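K.L.:
As a plain string of letters, each chain reads:
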Amino acid sequence: MIFQALATGAGILVLVLLGAIIVSLLIGGLPAFRQFGVGFLTSADWDPVKQVFGSVVPIYGTIVTSILALVMAVPIAFGIAFWLTELAPNWLQRPVGIAVELLAAVPSIIYGMWGFFVIVPVMADYVQPFVIDLLGDAPWIGFLFQGPPFGTGIFTAALILGVMIIPFIAATMRDVFQTVPPVFKESAYGLGCTTWEVMRAIVIPYTRISVMGGIMLGLGRALGETMAVTFVIGNTNRISGSIFGPGNTIASLIALEFPESEVGSLKLASLMALGFLLFVISFIVLAISRMLLRTGART
Amino acid sequence: MTGASQTMQSSGPARDGKIADRLARKRRFQDHVVQGLCLFATAIGLAFLVLILATLLYLGMKGLSLGVFTTVTKPPGSNGGLLNAILGSLIQTGLGTAIGTPIGLLVGTYLAEYSAGSKLGDAVRFVSDVLLSAPSILIGLFVYTLLVTPFGGFSGWAGSVALAVIVIPIVVRTTEDMLRLIPVAMREAAVALGAPKWKSIVFICYRAARDGIATGVLLAIARIAGETAPLLFTSLGNLNWSVDLGKPMASLPVTIYQYAGSPFDDWVQLAWVAALLITFGVLALNVLARIVLRPRS
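Read top to bottom, the protein sequences are chains A and B. Taken in order, the first sequence gives residues 1 to 299; the numbers are from this note's numbering. Taken in order, the second sequence gives residues 1001 to 1297; the numbers are from this note's numbering.
Just so you know, these hints were derived from the structure itself, not from any lab. Be aware that a few hints might be false.
Unchecked claim - In silico lysine to aspartate or glutamate, EDC-like type, Cα no more than 20 angstroms apart, as pairs: (1) B:K1018 / B:D1265; (2) B:K1026 / A:D175; (3) B:K1062 / B:E1188; (4) A:K185 / B:D1031; (5) B:K1074 / B:D1211; (6) A:K185 / A:D175.
All values derive from a computational prediction rather than experimental measurement.
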């Protein structure tokens, strides 16, 4: 009885923990919400000198870097999962699988540091000048690729994020691909299907809900990632049309500006308010991911 | 499959054969292309891992010396080490694990043993899963409001608590999964001997699930050892020697953050050493965790 009460109490503690996180961020951010009202959500100003704070720039940066990261990570993660489940020779499956999981275990600050010292120079010296030359004057899409090649910026941050979330998405996809009953696949092979046709006609339709769940999980990770982004995002509080332009995400803005905010200041409250918004966004994405993964597992 | 209708329209067995041949070649070609792309994707993923590790080894080894482990961080240009950061990381990771593991273990036990069919159980499982992927910087902000503002300053305690919050959901997940693998027959045997439920859980189930639970704890340690964001606003980092948990405390990840962004070459070099130490420590724990789990799975 005592043990059951203890265990149940611990369970309730987890609920309280989540509640406390939300409430503490909300209370911390209340002065900012009260001062700016809806304007906090619609203003693109972030000016500590004039004491005007709005959330549009960091929210834009968070969403754009995360979506770009997904665009880069999903095809690669899919390829890895497909290779691991259907194509890899048996003796390679385990070591390669573990290597991919180790990629997920590398601390995010290492990604940030590596990105800053290794990827940024490559971007600034080779990739960005080349792409800006090639596409900068192209009609319609040219504006996306203009501006000076800093090396840092939205695109570099998205690239690092993409590398970071590959293992999460790949691991989820591999696990759900393995849940497809062998009989289904064997009957398709029996009809003469190639491996790719089995994948397209049997495995993907069978697992598509869970696959979406895995992608949402990767998105949830990307949205809140801090250290890796902080190093390479360029830390600028305005929206640049170009994907090579500098920016900020909610998490990187908090990490960079929190240490220089005074206790009780409007800036600190605004950062807390941003934290609250980030929590709401990631909570929704992670909740959808959980729902999809659970629905997928049931069918 | 799509070939059937095309074959019907053509005339003569010779022509049929040619079309079927061409179709088969096309399908096989498509298959080869996709297989090649998948191999390429896997190679890209592995290349990133190799590239990161190679960079760390190449740049980290250059600065690795005994002095790194025996001297504390010093101002630029005066041959400092990482002793206080290493010790601070060990202390905070250890404390975080010590606080988080029992709670996570109890929650996992509740979910596996006592929550069957209850709404509360579903809610706890859902919230724990969300916490598992929640942005860690927000956990830092939360502990900042909870422990730093009221108690008047950054402290090693606050850092440890922030890490403990990250440990809990990881341990919950593995504990629940492992307890669910225990055969019913073992519990029934315990009950048949007259053991109350808590005894059957603590003395039978925990023992049977020991390896799996240990894996979860190892993975949790590996995760928090490299966490930076939750420590920035809680233990802050400390460039002086300090093992006082009531004061700001250094840690390897925060030292990397401070040093890597600095304009001093020797600090950047030390940041690479710290990065090498933390990454290989974390990867070793991960490999160890997989070896521990392997014999029973």
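K.L.:
Hint compliance check: list the failing hint numbers for this structure, sorted ascending.
P.N.:
1, 2, 3 and 5
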